[in-house]
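Colleague: Please construct the entire structure, taking both the sequences and the accompanying hints into account.
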Amino acid sequence: MGPEVINRNKNNIFHGNYAGRDLNVTNIIMQEESEREFVVTHNANIKPVAYFTGRERELEDLRQRIEEKRKSVLVSGMGGIGKTHICRKLFEEYSNRHAEDGNGPFRHIGYVEYDGNMDTSLQRCLKYKEQDSPEKNREAAWRELEYLASDGKLLLFVDNVDKTMKEDPGLQRLNGIPGVVILTSRQASVSDEFESYRIGFLGIEQCKEIYEKIRFEDSGGNIKPEEVQDLEYVIEKLAGRHTITIELLAHMARTKLWTAKRLMEELEEKGFQLQFRKNGELINIQKSYEVLYDLSKLTGAEQNILEAFSVFPYIPLAAETCNEWLLADAGVNEEDDILNGLYQKGWLQFEMEYESYCMHPVFAQVIHRKCKPEYGTHSELIEACRKSIEIFQGCVVIECLPYIPFAENVIAELVVGNDFEQISFIADTAYLLFYVAEFKKARFLYEMLLTIIENELGEEHPSIATIYNNLAIVYEIQGEYKKAKEMFEKSLRMKERVAEEMCSEIAISYNNMAIMYKDWGKYKKAKELYEKSLGISERELGEEHLTTTTIYNNLAILYENMGEYSKAEELYEKSLRIKKRVLGEEHPDTAKVYNNMAIVYWRLEEYRKAEKLYEKSLQIREKILGKGHPDTAVSNYCLGLLCRSKGEYKKALSYCLKAYKTLVYRLGRTNPNTQELKI
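In my numbering, the protein residues as written are 1 to 679.
Note that these hints are calculated values from the structure, not bench results.
Misleading hints may appear alongside valid ones.
[To be verified] For lysine-lysine, the following DSSO-like pairs were computed, each having C-alpha atoms within a straight-line distance of at most 27 Å:
| # | residue 1 | residue 2 |
| --- | --- | --- |
| 1 | 623 | 574 |
| 2 | 623 | 612 |
| 3 | 612 | 651 |
[Said to hold, decoys possible] So the derived label-pair ranges between C-beta atoms look like this:
| # | residue 1 | residue 2 | range |
| --- | --- | --- | --- |
| 4 | 236 | 447 | 45 to 55 Å |
| 5 | 456 | 147 | 48 to 58 Å |
| 6 | 320 | 257 | 26 to 36 Å |
Glycine included, every Cβ here is placed at the ideal spot set by N, Cα and C.
Modeller: Right under this line is the structure:
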């Protein structure tokens, strides 16, 4: 008896260009030792702000923890009081120590800006050998980090962590890194494994020093003696020694050429005053920052751009991308230099080395609440972002990955989905998430799309049938077969109501439902649906169409399960001829047919033919999809069972374990596709 066919969803027809992904946990190409430097992240020149001052006690405490090689330290505190600056100061200090004598306590140091997901943050920041697929890159980044930390001499800073370990499994994996890890976070705790160290407010003298450095920049000016009392009042009574607020006030005073006295008068006239709870948290920052927002007297274009940043994640976005996404939206061009102007006014942060902008979360929260950004004033931004995440023939998907957090935030904060452009944006984001195997997130967006279309366009809108189909496939991947069946049936009913316009779509629905009935062992019903699907597809699309050949392949699987091997072989050969002619020999769909044909020969006890076809399928899949792809796992599993039947138990175990590890990593131990493996 041959092996059961696993990873069933691969025979479904998804509305999009999805052709499978590479999940590689082996065959990762690592950097050569000669390629590794002391600073292992791309942002090698991380530096604190030029006006960094004070924090001697905090720096000494953290140095002691670092030198003692404590596994990890959480630097905690409210937003805007200098956690990032402290970590950047330590990064600079240890980098300089290494540059001076090369004999410091660490072999490697790195700085990672967290983007809401540790996997993507690591890929974006760490230096590692680029692979040929998103999944390989993710694993290669982790393998590189694990190697760098293997002797415990890695110092890694991860800035602005806003998730817990439970919310981001990548943080749990980071916890297993043996080096020293310092996280910055506004949360009181990321997990029990991270030791908490709380940051307090700067003293009045340090705050005055920061103000003076920003206010006078490189002019050589300073606070006059008669201004000291007014400045101290502003810092202590009005700004509450809140670091980022003092920075913003200094920027404002510089651009408006205000003295400390004038600044104090303007703030008091407008009723500005930060107030704090006993534990140090702000209680009226919204109202107070609205005063500063109004005092800045921003133009309409500047307000538009700040609104956009208020819905972005706290991740630097390249100036070139900012120009592409934001300038047309705001009705300005590059010559206006509006982004730099907002940086000079203190509302945006600018990373010099990478020429990128971002907005501090404190500002983002305030501006978002005050301005309440709406889709109507940011349609150009949404369309530009959509183009950045759109997957089309020949596009390099890895280039889309950095924009996923931006697309997700824009959808969460800005898109309400009541017109075609917004629906398209959500659909493209959902498809990209599906493509990169973020099934949970893709499902959330497809379910959102379904609700939006039903509410805004009506339950009979043609696009709902497509959403039902795609959502059903996601449900099936996640093992929720009852929900998948319901969605497939809804999709089919809708298509049948407009049969003339959607004949080929009906064929797809029949195919997908037939797979489900075949998997349940209801072969008679499955055969009926496959034959309906095939009849429509041959008539409407022709025998040479790839949809038709997919149905040939699936019907052949059914005949094989029913023991009608000659019929199965005939259909496989027909499907194979077309796929080789249309797609070529080295294509995942061609490999699928080879694998399925091998099962027929196995069951006919023609083991030599079966082994040859399995090996051919495995060779193509390893080359095109990678050794860690679920389809490659199918080939490994089948070869393992074949070896076991021949008494080659060591080889059999090796093949089957490869398959099992891949599916556990890719789908999880409880997924039905994983549980079907019999090792």
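Colleague: Does each hint hold? Answer for all of them.
Modeller: Hint by hint, here is what the structure shows:
1. 623 / 574: Holds. Residue 623 to residue 574 sits at ~24 Å (cutoff 27 Å).
2. 623 / 612: Between residue 623 and residue 612 the Cα gap is close to 17 Å, so the pair holds against 27 Å.
3. 612 / 651: With Cα atoms ~16 Å apart, residue 612 and residue 651 stay inside 27 Å; holds.
4. 236 / 447: 45 to 55 Å: holds (51 Å)
5. 456 / 147: 48 to 58 Å: Holds, at about 51 Å.
6. 320 / 257: 26 to 36 Å: holds (32 Å)
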